[in-house]
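In order, the protein sequence lines correspond to chains A and B. Quick note: to get the numbering used here, add 32 to the position in the first sequence (first position is 1). Quick note: to get the numbering used here, add 2 to the position in the second sequence (first position is 1).
It cannot be assumed that every hint is accurate.
[Claimed, not checked] What the simulated footprint calls covered on chain A by chain B, stretch by stretch (three residues with Cβ under 8 Å from a Cβ of chain B suffice, anywhere in the stretch; the number is not a length): (1) 63-72; (2) 75-83; (3) 113-125.
[Claimed, not checked] Simulated pairs of lysine to aspartate or glutamate, DMTMM-like, Cα-Cα distance not exceeding 25 Å: (4) B:K44 x A:D126; (5) A:K89 x A:D99; (6) A:K142 x A:D99; (7) B:K44 x A:E37; (8) A:K91 x B:E3; (9) A:K91 x B:D64; (10) B:K59 x A:E73; (11) B:K44 x A:D115; (12) A:K89 x B:D65; (13) B:K44 x A:D103; (14) A:K91 x A:E73; (15) B:K59 x A:D126; (16) B:K44 x A:E70; (17) A:K138 x B:E106.
[Said to hold, decoys possible] Examples of chain A residues lying across from chain B (beta carbon under 8 Å, computed): (18) F42; (19) Y129; (20) Q130; (21) L131; (22) A135; (23) G136.
Source of the hints: derived by calculation from the structure; they are not laboratory data. Computed from a prediction, not measured in an experiment: that's the story for all the values here. All C-beta atoms in this analysis are idealised placements derived from N, C-alpha and C, irrespective of residue type, glycine included.
Now for the letters of each chain:
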Amino acid sequence: TQLLEQSPQFLSIQEGENLTVYCNSSSVFSSLQWYRQEPGEGPVLLVTVVTGGEVKKLKRLTFQFGDARKDSSLHITAAQPGDTGLYLCAGVMDSNYQLIWGAGTKLIIKP
Amino acid sequence: EPEVTQTPSHQVTQMGQEVILRCVPISNHLYFYWYRQILGQKVEFLVSFYNNEISEKSEIFDDQFSVERPDGSNFTLKIRSTKLEDSAMYFCASSATSGRVAGELFFGEGSRLTVL
Numbered sequence: 033t034q035l036l037e038q039s040p041q042f043l044s045i046q047e048g049e050n051l052t053v054y055c056n057s058s059s060v061f062s063s064l065q066w067y068r069q070e071p072g073e074g075p076v077l078l079v080t081v082v083t084g085g086e087v088k089k090l091k092r093l094t095f096q097f098g099d100a101r102k103d104s105s106l107h108i109t110a111a112q113p114g115d116t117g118l119y120l121c122a123g124v125m126d127s128n129y130q131l132i133w134g135a136g137t138k139l140i141i142k143p
Numbered sequence: 003e004p005e006v007t008q009t010p011s012h013q014v015t016q017m018g019q020e021v022i023l024r025c026v027p028i029s030n031h032l033y034f035y036w037y038r039q040i041l042g043q044k045v046e047f048l049v050s051f052y053n054n055e056i057s058e059k060s061e062i063f064d065d066q067f068s069v070e071r072p073d074g075s076n077f078t079l080k081i082r083s084t085k086l087e088d089s090a091m092y093f094c095a096s097s098a099t100s101g102r103v104a105g106e107l108f109f110g111e112g113s114r115l116t117v118l
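Based on the sequences and whatever the hints tell you, model everything.
The structure is reproduced here in C-alpha cells:
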C-alpha cells in the first residue's frame, strides 16, 4: 500500500513555466517534509510543515500543508533549469510517528 | 558545515559475499538511518537506530541485514550474503531530533552497491 502518493511521477517543462507537485494520503500526518535529490546525491531538506493549512515560501517555491494534514503541495513559479531534480515528500504519521516517503516526482526543466 | 560521510562510494561484489557499508553521522546527532534507492526508483526505508538499538525496521531489512555502531562515530550496515536484488544506492542519514515533528534528515552521498 502506497501511503503517500506523489503526482505527477514525472514532469518535463520549459524554463519559465509554473508547476505544482502533489503529495496525497488518506492518513493524517503530524508533520510533512519536502526534499530535493539531485542525481548521485542524497536528498536535501527543503521545508518542514507542521500546522494544517500552513504555507511556507522558499524563494520561488511555495509549500502548502492541507487543512486536514493529509496532503501537501509544492508550487514552483517561473521554473529554472536549476530546479531539475527528484522531489520527495516524507510525512510523520500521526498514529505511530513513523516517517513515510513518497515515491518522488522527477522534474526536468528545459532551458 | 557538518556532513554525513559514507564509504565506499562504490562497491562491486559477487553474489553471496558479505558487504559492510560505513557511515559517519553528524557528531551531535542521535538518530541514524539507512535507506536504499534502486536506480531511478523511490527512497526505501531500511532501518532506524537510536540509543544503540534498532528503533524501527522495514520488511526489506531481513536477517541478511544488520547494523552496528561499533564506536562513537561509525554506523555500519552489513549485508551478510548479497543477492542480485541488493544492487542499489544505500544512503545513510542522521538527525538531531525525531518524533511528531520530523527532524531534518541529513543524508550522505550514498554508497553504490553492485552485486554481480
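Provide an ascending list of the numbers of those earlier hints which the structure does not satisfy. 6, 9, 12, 18
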